[in-house]
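Q: Take a look at the letters that make up each chain.
4 protein chains.
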Amino acid sequence: MARIKILTAGESHGKKITGIIEGLPSGLSLNKEKINYQLQRRQKGFGRGGRMQIEKDEVEILSGVRFGKTLGSPITIQISNRDWDNWKKSMAVWGQYKTKPVTVPRPGHADLAGSVKYGTSDIRNILERASARETAMRVAMGAIIREFLNVFGITIVSHITSIHDIVVPLTFQKLSEQPSRDIIKQLSQLAKKAESSSLNCSDPKAEKQMTHKIKMIQEKGDSLGGSFEIAGLGVPIGLGNHISAPSKLDSIIAADMMSIPGIKSVEIGLGAESSTRLGSEMHDPITPGKNGLFERTSNRAGGIEGGISNGEPIIVRAVMKPIPTLIRPLPSVDMVTGKAVKAHKERTDTCSVPSASVVGEAMLAISLGKAFCEKYGGDSIPEIKRHFHGHPVS
Amino acid sequence: MARIKILTAGESHGKKITGIIEGLPSGLSLNKEKINYQLQRRQKGFGRGGRMQIEKDEVEILSGVRFGKTLGSPITIQISNRDWDNWKKSMAVWGQYKTKPVTVPRPGHADLAGSVKYGTSDIRNILERASARETAMRVAMGAIIREFLNVFGITIVSHITSIHDIVVPLTFQKLSEQPSRDIIKQLSQLAKKAESSSLNCSDPKAEKQMTHKIKMIQEKGDSLGGSFEIAGLGVPIGLGNHISAPSKLDSIIAADMMSIPGIKSVEIGLGAESSTRLGSEMHDPITPGKNGLFERTSNRAGGIEGGISNGEPIIVRAVMKPIPTLIRPLPSVDMVTGKAVKAHKERTDTCSVPSASVVGEAMLAISLGKAFCEKYGGDSIPEIKRHFHGHPVS
Amino acid sequence: MARIKILTAGESHGKKITGIIEGLPSGLSLNKEKINYQLQRRQKGFGRGGRMQIEKDEVEILSGVRFGKTLGSPITIQISNRDWDNWKKSMAVWGQYKTKPVTVPRPGHADLAGSVKYGTSDIRNILERASARETAMRVAMGAIIREFLNVFGITIVSHITSIHDIVVPLTFQKLSEQPSRDIIKQLSQLAKKAESSSLNCSDPKAEKQMTHKIKMIQEKGDSLGGSFEIAGLGVPIGLGNHISAPSKLDSIIAADMMSIPGIKSVEIGLGAESSTRLGSEMHDPITPGKNGLFERTSNRAGGIEGGISNGEPIIVRAVMKPIPTLIRPLPSVDMVTGKAVKAHKERTDTCSVPSASVVGEAMLAISLGKAFCEKYGGDSIPEIKRHFHGHPVS
Amino acid sequence: MARIKILTAGESHGKKITGIIEGLPSGLSLNKEKINYQLQRRQKGFGRGGRMQIEKDEVEILSGVRFGKTLGSPITIQISNRDWDNWKKSMAVWGQYKTKPVTVPRPGHADLAGSVKYGTSDIRNILERASARETAMRVAMGAIIREFLNVFGITIVSHITSIHDIVVPLTFQKLSEQPSRDIIKQLSQLAKKAESSSLNCSDPKAEKQMTHKIKMIQEKGDSLGGSFEIAGLGVPIGLGNHISAPSKLDSIIAADMMSIPGIKSVEIGLGAESSTRLGSEMHDPITPGKNGLFERTSNRAGGIEGGISNGEPIIVRAVMKPIPTLIRPLPSVDMVTGKAVKAHKERTDTCSVPSASVVGEAMLAISLGKAFCEKYGGDSIPEIKRHFHGHPVS
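In order, the protein sequence lines correspond to chains A, B, C and D. Here the working numbering is used: the first residue of the first sequence is 1, the next is one more, and so on. Here the working numbering is used: the first residue of the second sequence is 1, the next is one more, and so on. Here the working numbering is used: the first residue of the third sequence is 1, the next is one more, and so on. Here the working numbering is used: the first residue of the fourth sequence is 1, the next is one more, and so on.
Hints may be right or wrong, so weigh each one.
Each pair may be met inside one copy or between any two copies, as identical chains are not told apart.
Cross-link-like lysine to aspartate or glutamate pairs, in silico, DMTMM-like; alpha carbons within 25 Å at most [said to hold, decoys possible]:
(1) K34 <-> E273
(2) K174 <-> E219
(3) K69 <-> D334
(4) K69 <-> E346
(5) K89 <-> E58
(6) K192 <-> D222
(7) K290 <-> D165
(8) K220 <-> E281
(9) K88 <-> E60
(10) K16 <-> D83
(11) K192 <-> D122
(12) K88 <-> E177
(13) K342 <-> D165
(14) K385 <-> D165
(15) K32 <-> E346
(16) K174 <-> E295
(17) K192 <-> E177
(18) K98 <-> E195
(19) K208 <-> D122
(20) K32 <-> D222
No lab work stands behind these hints, which were simulated from the structure alone.
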């Protein structure tokens, strides 16, 4: 009976990827261009391989929306594979198996563990679903849930904070050291700069260095990781709860963020750095605000205390490992012959941290959407507006 | 219909805390002392306040076990509050409200957000459940699930890796840079050293410094955070899966680990460091092993690729913020008067990283237990032994 | 993330049975006597064996409630086994197995299938949990959830409609043939009569016959089944939804009702009889009501159309098979020797339809509670009161 | 983490209906014709309106299957609306609202309660999803899950047992009164006769009367209900369990069956009739079988005892109310004007009991599939074959 239910489906080179969201209220206005805009943000970014040229993802909505408004019924979203003609033989749904199997697993990918788990001798049966292509659907779903959250003043922004050893100087974490009064504005501005850049990077100088680095590493046939931050702005007090482990908002966010391919670390607020602060340097003092409400002199907690949103911006940081598919592949073993060989090559990017940051925005939208519906209930936008009591603290 | 279901209940100073686990198979031998041993590990650690003296937690099993073996029915676990006599007035279940309310929220705790969310003017109604005391029950449950995993050769170990700025030199992450052949042994040895220390610290020199630091900070009325690592050893290939976000093993682990009070960062394998490696320096090459199986020359992935366990040790790192209750409290606001005052004081520790590492072990047991039952099914230990096909790769 | 989560635990002759409810809001006033009253209703009824003398169930609340009000945290409920002293050897949690095993399964019980499934040669390992004793906990939980529903004007009533071939003349189904204006009053009155009777039977003449029949069959060492009806009164429009199979209110109710031991049939509204009506004789015409609202000229649908509550009373009917434990047992086979023998005897009632009807009330409370929380959200009683918009139709 | 997850989506007259099944193992051979065959069974049946001519449903698989075998990844299923061209204006996903709203709710349908719940003044926003058209997707999914169950010797059959007052003489319930040895054969034969008839009716004489009745009632502009039985054959001992209410197999089946549009009663085994039997006439005696196993002299329990499958055929009976859309509509109220008018007409059948029986087969497949995966685990067909230990009792 959980309110928002999501399933996604589809192989990377299959005909279409499909998603269904159940549980959104009726009466939500959607706009196709806004969804496509998010899909395009996921696709851009220097360092992305040929695929993004082919993709130019566009969403098709097949249910749950009528005349641009949600009905309250499940929404079907589909994204076609524009390269399907080149794949329809090797990815055919029906007919005799008639293709060259992939037999050499790529280190860092689901290839080996997946093939053993599912008992297949053609690794393509695994890699097609393990591919980050699936995240296009999450971005589309996230775009829809964002529209829902926006109705209640909640927005989600991001920027990348590093690629390899090139680190962006100003971060959401750093901005969180100051009184929260103007922080939404500052976080938004930083993210806005990033959104207009080619790498979702807010610092032009760093971006230039990153572009150079990506180019260099691309030539070497190697790959790069990095990190990014996501912020949820305007989140009301009281999403998630402290009463049980799985309902804590940070636990929900950690699960959603860690599920993005390649993510190896998830932080909330100051994150890893919080271990080196004393208690008196870490926790965010509470001061009297206007109208009997409260203010904070910092937001190191990242907007969540005791598993509950506290009215401050939600700050999440994630770290992504370098892409596991390499142009100059790593040592591996042919699963059929047992011989040591180089890993299988598959069309690949050099660096997909900017993409991942867009996926991260979508995942935060999903996390917050789930928690929001749990708190406010309601079946239509007007009803939820009546239920919603906003931001009663700061 | 998910197989393993868990609920915990109980206020920190209530009469008892209670937990129910549903879904464990029949025929599992349990031992009360082993569960109590884990509870005691959670309680010890220099820097823990007076409570651990009082507690001396002991488990009582009330259902699901008969003559020392599980029945397959839900297991009820209870831990009594040995200090109940001192609390039975202010935490009475029945009767008229007759106690002094807590009205000043502590920064860093659920106090403020929880009181607003649940609409209470006595913060005790929130802080009693938000307290880390609840983790005693998770440790007890984890101890039971560990017995289950042990039947199949899976063990879980931990050690702390830092307190404030004092960092342990040898970590699970570092050990994972080498070929995996002997790594289980090395990880176990490191953890064994830690287990016999007072801070769950494997390095005596660091431990001494930590003890000194804790003492110093305690005197200042401040608090300390730190970090720890957990490893799952003997985990078979194939737990978790790549086919959907919520079923990825790393996503499950991230949620469970982030739900521990005070945790602000969760890493798998090399974690945050993986962003500064090139692909060729990060991914774990695959080499031919014995009997047509495979080996790895490193385990930087931390035993999970594409959301699936790959047969290598599962390596998790978590970072804990300093305890939010301070002897010299931070600025806050009285929720009733609206006046700026110092935050409420509650009996507290100075540093609970060692405790949290024991809770981390329990949470990893829970994560792996869920994924294990999903893969192998089965209703009794003998049946699951027939289903289990172990570790078919390395 | 489903809002209301419930687990129960405990063996029939174990020390205690335990339940945890998570997800109820804060600020709900509870009353121990009201919970105990429901427990006592479950226990009474002519035809119940010796156990009900021993039981005199009383609830102990161990968490989630303070000074008589819910905190929003999980509520622990416990009921002690007053006969524990006589069972503590054969149901010991720890120690060596030292008791006489039950080896002959009773037809109609979980004995055979359970023993095979869980791989035990002592059927007591199964029958202790399969016993209807577990329903005492559901009644206690239902009593709590009823208090919650009562705040919003929702009440739940029941009566038995038959025991064996003795059938009560006036039923909720029959009352539903008329215009709904006065029906709540009539249903309540019928149920009130039943509540004050010894068999939860609204018709004194039928009750007398039933008592006689039970006595007769008891003497023969045989057992009796019957049927009962439950009604949910004051249920607002809009609980449950039509958008997916598992979220339909009738589907939720059917699952909860069928889970009561011995239930073999669940009906909504006219139920089985609806197949013999023409469409024009079955569906409930809609007529203009006061203030622009609507009325119905009948309630044959039983308050649910398209999986959604429609503002009319929810009418549920359930049929219970005779109790499977017989004083003059049926043929069976000793699982150890393989020989044909008479089934095992266990202390038993002759007829437990009145008990089951009280459990049925609790299960309907649970069904409606889940759907109510999903629709209205909210974390405290005052907040939910703001969200609640009642009964906007008839 | 529940293993099998299902979502369906799509409006009755939308472009396509879509479903995703997650959690089926890899290596399952599928056959498009078998799925289409089930879709066609759902569509046929005298008394179905014009729609079935238009529909001729055919499935398209878009993911999760490659060269006719499942991959273990989520399976996307789509069924196109062949009448889309006539609806694409009034059911457009995008663009301005430009169509005639439906404002008069039909008694017996989700129309009124749905419109109030979701706050719409165009009832089409509700009725499109509440339509039984959605069950086509459930049939397609059921067809896939049946292929899975078939691998392990489990088959599902059905027949209708009544339409209005015309009752089929020989039923699954009656066959269950005899020793179970030959019952699978007899149940299969009865169902086979039904499958080759136009109404899924096993008795030619009854079928003739039914056809006549349908014709007559169709002319009157009224509608008819009826009843049907489903049986699960070859179901191993041990699906579902007794340890908690929601995991009982009969509870799962009741929920799935009650979710079929129009179903008002669900019975297991003898069902409602069991209340009129004495215990000694109801419960199925156990006798010694071959090889130390057991036999039953009857199957009145319908294959489930204590919530667990007992190795006998699963027998389910469901009763369907007459279709709520009438050619000669019932009194209703215009939701806009508040005036009493006749209910809205929508293209409709006169009787859809035969269709519902095919949906019932699919729902039983889904119920059993969920319980089967929970018991046996496993990620590929060969692995599950190793886990499966069949039918160890009779």
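Q: Give a verdict on every hint.
A: Hint check:
In this assembly of identical chains, K34 and E273 lie within 25 Å of each other by CA distance neither inside one copy nor across copies; the values are 36 Å within and 35 Å between. In this assembly of identical chains, the alpha carbons of K174 and E219 never lie at most 25 Å apart, being 34 Å within a copy and 30 Å across copies at closest. Only between protomers do K69 and D334 lie at most 25 Å apart by alpha-carbon distance; the minimum there is 23 Å, versus 52 Å within a single protomer. In this homomeric assembly, K69 and E346 come within 25 Å of each other (Cα to Cα) only across copies, at 23 Å, whereas the closest approach inside a single copy is 40 Å.
Taking the closest pair of Cα atoms, K89 and E58 come within 25 Å of each other both inside a single copy (23 Å) and across two copies (22 Å). For a Cα distance limit of 25 Å, the shortest separation of K192 from D222 qualifies neither inside one copy, at 30 Å, nor across copies, at 39 Å. Taking identical chains as interchangeable, the C-alpha atoms of K290 and D165 are never at most 25 Å apart, the minima being 43 Å within one chain and 38 Å between chains. When the C-alpha separation of K220 and E281 is checked against a cutoff of 25 Å, the pair qualifies only between copies, where the shortest distance is 13 Å, while the shortest distance within a copy is 44 Å.
Taking identical chains as interchangeable, the C-alpha atoms of K88 and E60 lie at most 25 Å apart whether they share a chain (20 Å) or sit on different chains (14 Å). With identical chains, the CA atoms of K16 and D83 are at most 25 Å apart both within one copy (10 Å) and between copies (23 Å). Proximity of K192 and D122 under a CA criterion of 25 Å is satisfied in neither setting, with 44 Å inside one chain copy and 40 Å between copies. In this assembly of identical chains, the alpha carbons of K88 and E177 never lie at most 25 Å apart, being 53 Å within a copy and 41 Å across copies at closest.
For the homomeric pair K342 and D165, neither the shortest alpha-carbon distance inside one copy (27 Å) nor that between copies (42 Å) is at most 25 Å. Taking the shortest alpha-carbon separations for K385 and D165, neither the intra-copy value of 46 Å nor the inter-copy value of 48 Å comes in at or below 25 Å. Proximity of K32 to E346 under the C-alpha cut-off of 25 Å is found in neither arrangement, the shortest distances being 31 Å within a copy and 31 Å between copies. In the homo-oligomer, the alpha carbons of K174 and E295 lie at most 25 Å apart inside one protomer (18 Å), although the nearest pairing across protomers, at 42 Å, exceeds that limit.
For a Cα distance limit of 25 Å, the shortest separation of K192 from E177 inside one copy, 20 Å, qualifies, whereas the shortest one across copies, 39 Å, does not. When the C-alpha separation of K98 and E195 is checked against a cutoff of 25 Å, the pair qualifies neither within a copy, at 44 Å, nor between copies, at 36 Å. For the identical chains of this complex, K208 and D122 are neighbours neither inside a copy (41 Å) nor across copies (54 Å), given an alpha-carbon limit of 25 Å. Taking the shortest Cα distances, K32 and D222 never come within 25 Å of each other, neither inside one copy (37 Å) nor across copies (43 Å).
Of the hints listed earlier, those the structure fails to meet are numbers 1, 2, 6, 7, 11, 12, 13, 14, 15, 18, 19, 20, in rising order.
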